[in-house]
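Quick mapping for you: the protein sequence lines, in order, are chains A, B, C and D.
In terms of this note's numbering, the first sequence is residues 1 to 395.
In terms of this note's numbering, the second sequence is residues 1 to 395.
In terms of this note's numbering, the third sequence is residues 1 to 377.
In terms of this note's numbering, the fourth sequence is residues 1 to 377.
Everything labelled a hint here was simulated from the structure, so no lab data went into it.
No false leads were mixed into what you were given.
Derived lysine to aspartate or glutamate pairs resembling EDC-like cross-links, with alpha carbons at most 16 Å apart:
no. : chain 1 : residue 1 : chain 2 : residue 2
1   : C       : 254       : B       : 383
2   : D       : 254       : B       : 134
3   : D       : 254       : A       : 391
4   : C       : 254       : B       : 391
5   : C       : 254       : A       : 134
6   : D       : 254       : A       : 383
7   : A       : 23        : A       : 43
8   : B       : 179       : B       : 228
9   : A       : 179       : A       : 228
10  : A       : 179       : A       : 134
11  : B       : 179       : B       : 230
12  : B       : 23        : B       : 47
13  : B       : 179       : B       : 134
14  : B       : 23        : B       : 43
15  : A       : 179       : A       : 230
16  : A       : 23        : A       : 47
17  : C       : 254       : A       : 391
18  : D       : 254       : B       : 391
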Amino acid sequence: MTRADLDEFRERVRDWCRAHVPKDWRREQTGVSDEEFVSFQQEWFQELRRAGFAVPHWPAEWGGGMPVAEQVVLYQELAAHDAPRLVLAFVAIHHAASTLLAAGTDAQRRRHLPAILDGEIWVQGFSEPGAGSDLAALSTSARREGDAYVVNGQKLWASGAAHADWCLLLARTDPSAPKRRGISYFLMDMRTPGIDVRAVRQATGESHFCEIFLDDVVIPAEHLVGPENEGWRVAQRTLGAERGMTMLELAERLGNGGFRWLVELCARPGPGGARPLDDPLVADRLAALETELTGLRALCARLVADEDPGPADASIVKLYYSELLQRMTDFGAEVAGLAAHTALRKPLSSGWESGAWVLDFIGSWEWTIPGGTSEIQRSIIGERGLGLPREPRGS
Amino acid sequence: MTRADLDEFRERVRDWCRAHVPKDWRREQTGVSDEEFVSFQQEWFQELRRAGFAVPHWPAEWGGGMPVAEQVVLYQELAAHDAPRLVLAFVAIHHAASTLLAAGTDAQRRRHLPAILDGEIWVQGFSEPGAGSDLAALSTSARREGDAYVVNGQKLWASGAAHADWCLLLARTDPSAPKRRGISYFLMDMRTPGIDVRAVRQATGESHFCEIFLDDVVIPAEHLVGPENEGWRVAQRTLGAERGMTMLELAERLGNGGFRWLVELCARPGPGGARPLDDPLVADRLAALETELTGLRALCARLVADEDPGPADASIVKLYYSELLQRMTDFGAEVAGLAAHTALRKPLSSGWESGAWVLDFIGSWEWTIPGGTSEIQRSIIGERGLGLPREPRGS
Amino acid sequence: MPAESPGLSELHDELRAVARDLLGKADAEAAADWRSIAGAGWPGLEVPGAFDGADATFAEVAVILQEMGRAAARGPYAAVAVLGVGVLNLLESGPDRDRLLRDTAAGDAVPVAVLEGEAMGETSFRIARTARGPLLHGTADFVLDAPAADRLLVPALDPDGTPVIVGVDPRAAGLSVERRPVLDATRGFGRVAVTDVSVPPESVWRFRGDPQEAVRRLRDRAAVAMACDSLGLSKAMLEATVAYAGVREQFGRKIGSFQAVKHACADMLVQVSVARELVAAAVRGQAGDEPGAAVAASMAKSYACAAAVEVAGKAMQLHGGMGYTWESGVHVYLKRAALNRSLFGSPALHRRRLAERYSPLARERLDAYGGSERSLS
Amino acid sequence: MPAESPGLSELHDELRAVARDLLGKADAEAAADWRSIAGAGWPGLEVPGAFDGADATFAEVAVILQEMGRAAARGPYAAVAVLGVGVLNLLESGPDRDRLLRDTAAGDAVPVAVLEGEAMGETSFRIARTARGPLLHGTADFVLDAPAADRLLVPALDPDGTPVIVGVDPRAAGLSVERRPVLDATRGFGRVAVTDVSVPPESVWRFRGDPQEAVRRLRDRAAVAMACDSLGLSKAMLEATVAYAGVREQFGRKIGSFQAVKHACADMLVQVSVARELVAAAVRGQAGDEPGAAVAASMAKSYACAAAVEVAGKAMQLHGGMGYTWESGVHVYLKRAALNRSLFGSPALHRRRLAERYSPLARERLDAYGGSERSLS
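Kindly generate the complete structure, drawing on both the sequences and the hints.
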């Protein structure tokens, strides 16, 4: 791909964004009902799909096939034009798809990939009350009975479970095997009897996370992904799908639109009448943040371009993004002052930096805790990235 | 003691300082020989002794007996008047004295305490190449032979050993006992045959730390402190003596004289002609540092006033002082710029903030590493101060 | 020296115990009943004995404020005891003012000072002489607990430009108190807008001393109150985190045995310890009206309120997923800490105040090198 | 996109390997012999082929600079290749300038640009018309490697106020180069003082393009060179620390198995990774003379040079007592890192440059909300 080709593609995406990004969606999506949110997300997904922008990272035969360099441009421009994020489809187009493509059967792929394009919503059922950072300690059980498995247990932190059609489920099929060896990976139809979904209210006041209670839920054996008891290895791919291009998209949003929100905030007169921007302390922090954001975006660009990334590169990006997001939203909250505390709701479908700075700051722990806490990431970086010795095991 | 008494005492110390603190000692003590440094220190010690200010923390019968509140005032005023520090006598008047007072025999006390007042210099022989943070892993051996012990091994980080008359020595008397149970505590005459002292050059270019090689060194049994194999417990007191009033003295120097050096630096025009102080970023950092220094001084004042301090209070003070010293000297180095790099030597007998900011910055690791690294202090604070569980042992 | 006299220390322990008990009983979703608070004597702590108050000092109020922070308590206590009573004590004696002090101590009045929560400049309220008599107008935003007040104490400039306090009924015609809901649901704010409210002479109260100085001292009180609250909430968060880390297991170990957790807790304790000393000094400054009171207030406000955000944030992190739930309540503390940080002067603003002292001092130091005995603090 | 073309990447790997070999052989107490450095072709990398140079770009120089930082190497390479050759390449062609370029590539000349190490303002050198003909005067402090130069390239204003370069022999009458010893013993600095040095017309060289712009670009090159050096030394410190933590045992365990050590190393790797990306972008900016070059230079300089001090400091801490010895050599890196941070613009100064861009952009953003497509970077 030549530079000229890419420039042309960029122009095409810009034109598309100008024509298709809904006007005023931030205002309109603040304080809406769940139903309105879901329908807005579904419409936007179909809009992107018609342009070929919904699943650019999928293989061509399933509706994707966009070169990596073009995907980068696409996400840069979507961020620059402050397009809504695909929040609801996220697990489906990334985690579910990558699992199916890497470890699913042909039948599973044919059943689900087109359905996802049509709007099938997925949820991830991994974490449990006793298995957070130590995910392999999960205890939800799946007992084989004839052609099916009977599942019992409880899942936590299942984002969007209330709207989900299907669930990526990890459950223990061999209780006697070592922790990581007895786990299997299932596709679970959320309409199966025995599933009870309860919303958990989060620190931000939102409730997109849910608990899933599983009481003798029957999953046909054909919904097993990969071999029985090999679920941990399959899950490693699913967890990996959170990185790479999705991190690039988030970094572009934080560094492009998000940083511009911040500069805009600083250019508005504060309660005393002075613009924060004219305060050298604020200007210095902005410059430091812009520098770090530029570093983050470049790290993401390298991660997606690199054919053979280092074993901890994804952890470096995840750790750095989450802590930079936290520092940046904290700074936004400080600069915005008391006014920021009156933003009681943030616009749905926005990025992690919505401009409701205090809420964004609190929401930033949704990045430093789940998906491997920052502490876990540092251990991964030290051990896999630098080859430092593991801790002696306590158990 | 009434407020008025204390105020009167303060006036007395001030008058004394005005009359006795040597003029221009900083300039004159920069780049001097070892001999000049030792003689300057001895003279200053005797000057303080004549005023009753050399060992105010000792019991009255040995020449001290100053109330704690007066000691606080004394160190505040010595710091405010930028008096030279008692660098050379430090181990003698603090570690050696507190060990002898707490665990020594009458004979040992009578032999050494007056001698210390007359200028006997002591060194601490605890650390070893294989026993730094893990001090209890020391391997220097002391074998009983008749009325004496024969010592073999190697000590590290013995500050001032080149000038020392006596050494506080930890050596292993029972190699078969658990780590902390087989250690004994000795007073070792540095003129004994078999002792070889070699200076180790430090990061700052100075060489006040030494290695001590011990080759069949004979220590009479009467120089054992406390029971055989109980040396670890005796040492805990000696280590403890580094805290309390000595930390208060250092905090007063850092927060009073040291901070004024820093403000003075910032009030001088820099290479571009502008005063750093007029830069709001510099002013903000100064205010933050002054705030932290005020907190540190108050923590130290509480530590010495508290009759029953918390089990980690000394560690909190040590950790906070060392890291604040490091941050403050780092900032000094940044503000002073290239000119600070041309200060190749710092004035001897000064505090840890001598005004040679780059050297002071590098020297600050002498606080974050020895006497329990910052990492060790955090573990102590977590375990003893907060009651958090210990790590599983690796060995 | 930070030590308190033993008698005082015991009194404070007792106050603290009562407060912890009373605030612990309150419903987390509602403020403790104002009757019980008044019954405990808290609003009247600084009210002179002549008006049935306790003749105590800010040091005792500070004990309650810390406990309010620790409990993330609701209700207008800080606005009344720190600002309301604070203003009244600075005024010349007079029948209305004296009666209001007495009613406040008894729990029968809830007077709140109309202090802008953020902008630290001059009051915007003015008394204008008009044909209809003297009229008050002006606005103030983010006035702490204005919606809960039954009397508003409005700092205003009288027609001669002298700062005075105007006692106004919140239901007066021309006055509106608009609620300003914030993320921290434990706090109440209002925007007070006054348009041509008539000001009878007996409602205009004059300061005893220098009015400018009085207003400055009021702002210092407000700042120290926030520092007390932030210190209390930091302590609560540290304790909760240590307790959680001592029971929660992952990877076959208590998470508190991991250095990543243990050392983070140690850093929290260091921050809390430093904040404790700075707040203690600031409280002494207020209680004794000492010369360094303003400096101590700015140090305590900037340090303790910034540290509380970090401590509460660390608490959320170390509680893991549990800390991010609404149910755990950690968010309540984080929001309150973030609010305290912005209220009554940001850390940067208070540091700017501190830094204003360096320039002349530095010159003095340069002029008389080596002889300076004055500590900066 | 950060990717390089494969051919270039291989060339860089080769350069790097040669550099590591050559610099590794050098005595730690002395600079690598200038003949071997010239023999490796490094001074002439950016010299045009017409003058026997390699016709390469700053990207290749940057590879050497990083390796110099990694080895904490001595000698005037940065001053010559970055500033000397950098200046010469910005000048109009002429017999003396062309000969000097050729001699530099061959290793026969060591030209150093007289750039003030700290103050980033205008040059203080002036050419005055006098009865004795044109005379040069002025001073510059902390001129990198001035004592090692056999030709000084002095940025000066000619009598018309136009910036020019004057080529001066350091032994000329009226010129002094006073050594400025610094704690970082691997570096050489001089204070260059010029009093009435006569300036023959053939020693006054003019810039090809806008002279102001040329001087600005020279300062950017200097800043990026420091960033490269700091990145290289950060990598060396991280590697040394990881190696040490993997063998040193305390409490019966390799210290690298403790989270306090492991997580600190992880943070170092994150900082090094971010610095690497920012430096790569800044080097591309210089090599391709791209429009965002100045911004990328300030980002790289401010981040990489501040990070290097933290990384080297952490290295000293994690090496424990060993790291504090002279013998371990960690101090060499810490001193070099601290020096790099102050040289050619502090982090704060470069951030101030970056921040100057926000004001107009913010206004544009406010005017045309939602439609902006320009990234700030």
